[in-house]
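Protein sequences appear in the order of chains A and B. Residues 1 to 94 in the numbering used here are what the first sequence spells out, letter by letter. Residues 1001 to 1453 in the numbering used here are what the second sequence spells out, letter by letter.
Calculated from the structure, these hints are not laboratory results. As the structure is a computational prediction, the values presented were derived from the model and not from experiment. Treat the hints with caution; some may be incorrect.
If we take Cβ atoms under 7 Å as the criterion, some of the chain A residues that face chain B in the derived model are [stated by the list, open to error]:
{"hint": "1", "residue": "7"}
{"hint": "2", "residue": "8"}
{"hint": "3", "residue": "10"}
{"hint": "4", "residue": "13"}
{"hint": "5", "residue": "20"}
{"hint": "6", "residue": "21"}
{"hint": "7", "residue": "79"}
To give an idea of the interface, some chain A residues facing chain B are shown, with a C-beta separation under 10 Å as derived from the structure [stated by the list, open to error]:
{"hint": "8", "residue": "6"}
{"hint": "9", "residue": "9"}
{"hint": "10", "residue": "12"}
{"hint": "11", "residue": "15"}
{"hint": "12", "residue": "17"}
{"hint": "13", "residue": "66"}
{"hint": "14", "residue": "80"}
Using N, Cα and C, we set each Cβ at its ideal position, and we do this for glycine too.
Spelled out, the chains give:
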Amino acid sequence: MTSQTTLLDPTAELMPVERQLLPRLSELAGATIGLLDISKPRGKEFLDEIEKHLLKLGARVKRYTKPTFARVAPTELSQQISVECDAVIEGLAD
Amino acid sequence: MLASQLDNNLTVYVQDDPTFPASISHRIDDTSLEFSYRNAIEIVPTLIRLKNDSENESRIFGWDKQQWQEFTGIENLGAELIDFKPGCGSKTQDPGMDELLALKYGNQQFSARRVDLAESEDIMEACFERGWSDGLPVVPPTTVRVMRMLSGTDRNADEMLGNIPPDNIPCTIEKLAINAVMAGCKPEYFPVVIASVEAALQDRFCMHGLLCTTYFSAPVMVINGPVSKQIGMNSGVNALGQGNRANATIGRALQLVVRNVGGGIPGGIDRATMGNPGKYSYCFAEDESDSNWNSLAMDRGYERGDSVISLFAGGGLQAIIDQQSREPESLAKSMAASLRGVAHTKLFGMVDAILVISPEHRRVYREGGWSKADVKQALYEELMTPGTELVRGANDIAEGMPEKFRDIVLNKFQEDGLHIVSAGGTAGMFSAIIDGWAASGSLGSQIVSQKIL
């Protein structure tokens, strides 16, 4: 695409134009939180610490790993997380 | 010669090659077409004499030697040239150009919020991600497309049509045009789309309740009159199916308006237990080829020459097979038997219906000398039923009419609750029933019609 595209809003314009975040979880107790290691160094240590805190708050935790940080997560992995978890935390950067 | 005689008083605006004609010094590059658009140039060349104190601006078009000589007062102007050439269409008249120029230089201002997409965004995906779609791809509502849609009506873009349920949000012609673009409508369909919204907003249609209901129903549109042929709608083979752009997109436009403007989102305010596939679009034209058979619009008080849209709160399609009846009496009994199945065979006076009669079944009535009124009367009589057969518990079925109806003879349909429409291909002794909303009638939804202007 070389030029910017402008569309006219078909809605009632009650929401901001910017795409909205999904609703946040109201509480962690009983929720299943995915921890996604993107395969950068020390990601595991960081997420281990997060897991301890989440467990203390009553959440369930499931761990996932991306094959490589250089690419977006495989579709199968994204789908698996979306089916199994209420929210996901990614360990970005090293 | 013209330039030399008029000296500095001649200015030439050039739409294509700004270096032509090289012999004239007062040349202005109008490849942007701004001057041509603002001055409503339709033919090149157009020679304009600007107004002075004594006279108004005047124009001549093309090349007519005598006319140019008289207009300029130069007797031997172009003496060596041929007498007449009609000129060419201005580039401002190229297909699609008018809307582009109107956007750049015209007075059209849009009220709707502009949504600028990031360069990396796929336009089609962007529409999905913003929640504007019914699940199928929408045509991205660019300003030029909306401008073209608005050219399909004489009504002003800022005219208010009414409040769209369920959120009761005011809807302008412009907002409707945006959604009609997304539905895939052509500008020539737009008057029908406007009429569909006006019909849906009639109080007796009860669009709000229809959107909210757990029942299957949604607006079903029937188009009558000359407009259906003018915009190429299908009333014949597969009339209630896929494949015709007008049928598919006009019904969809109303659904998108209810979704996007009204906020009627499935799972939100739209609480349908199952819904029905017609909630994408449910729109067809009536077959009016038989001048002895009244159309739905005529039943509703309009003339045959009127273009009319009728909206019915309806759902799925139930087939009626009758390949054996050759007499109208038999066929009417057959259809009545099937009509008993609307919603439930033991629920009477509750759910309206449209009976869609195919050409082959219509032939049986015609050859038997029956009019549409005769068919309606026969169906009415066949559908009278003693309450004893219908009350709760009768025939060992708990569902049914309340006990108070036991000693009353009931009709399957309330007054003005059964509507008859002709449609379908010429082969097949099949007709169809479109069943209505469980809340049919004056306390719920009643069929509405709106003239298409």
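Which hints, by number, does the structure contradict? Hints 5, 6, 7, 13 and 14 not satisfied by this model.
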